[in-house]
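Respectively, the protein sequence lines represent chains A and B.
Read left to right, the first sequence gives residues 18 to 129 (our numbering).
Read left to right, the second sequence gives residues 4 to 116 (our numbering).
Mixed in with the good hints there might be a few duds.
As the list claims (entries may be wrong) - Straight-line distance between alpha carbons at most 30 Å, and here's what the computed DSS-like set of lysine-lysine pairs gives: (1) Lys87/A x Lys74/A; (2) Lys74/A x Lys115/B; (3) Lys54/B x Lys74/A; (4) Lys39/B x Lys54/B.
Calculated from the structure, these hints are not laboratory results.
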Amino acid sequence: DGGITQSPKYLFRKEGQNVTLSCEQNLNHDAMYWYRQDPGQGLRLIYYSQIVNDFQKGDIAEGYSVSREKKESFPLTVTSAQKNPTAFYLCASNSGRFETQYFGPGTRLLVL
Amino acid sequence: GQQLNQSPQSMFIQEGEDVSMNCTSSSIFNTWLWYKQDPGEGPVLLIALYKAGELTSNGRLTAQFGITRKDSFLNISASIPSDVGIYFCAGQLLSSNTGKLIFGQGTTLQVKP
Chain A
18 DGGITQSPKY LFRKEGQNVT LSCEQNLNHD AMYWYRQDPG QGLRLIYYSQ
68 IVNDFQKGDI AEGYSVSREK KESFPLTVTS AQKNPTAFYL CASNSGRFET
118 QYFGPGTRLL VL
Chain B
4 GQQLNQSPQS MFIQEGEDVS MNCTSSSIFN TWLWYKQDPG EGPVLLIALY
54 KAGELTSNGR LTAQFGITRK DSFLNISASI PSDVGIYFCA GQLLSSNTGK
104 LIFGQGTTLQ VKP
């Protein structure tokens, strides 16, 4: 089955802790994206990567970090510098600049 | 960052009624996408539009890419209870050299059986 997987479904973070959200795709897509969604709001872009070993900041990158060592994987780390991390995190991918983005099922991050 | 103006913010309708929602911007887009999101899930693509004036249907859904390239609408005919969810428009700016999308704030649809 081709698609985008995100894990875990729910993640709990303690104060001062870094946590990493997983995103994997087997669609052979070059580009991958991370979005944050808060209740009643649209999606805001955190980071994106158009090719392996390269990534760019989105609109709300502060307190987050990413890596793109493999085409299939684009993990997002929520660092302790992110003071309000509670949100729904969505990963997406597409095959190129003008192509449709497809989304994973999301990870909900909660702070203990 | 830039945003799209999506309206209405929410709708509560009777089953069987038609629904219309739209997105507008002051910027020019080369792609318009409409997604539906169920609670706790990722958005699912409904319709993709790539040409100004394009009118595309997907079952009971119809969407159009505005002729000015600055707006798009989505219509749902004969609504059913499973249409409940949040509908998002998204667009790619004509000036963009990446695959970045700009999203509307979403329209929450509730359908009364």
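Practice item. Could you check the structure against the hints above and give me the numbers of any it violates, in ascending order? Key: Of the numbered hints given earlier, the structure breaks just one, which is hint 2.
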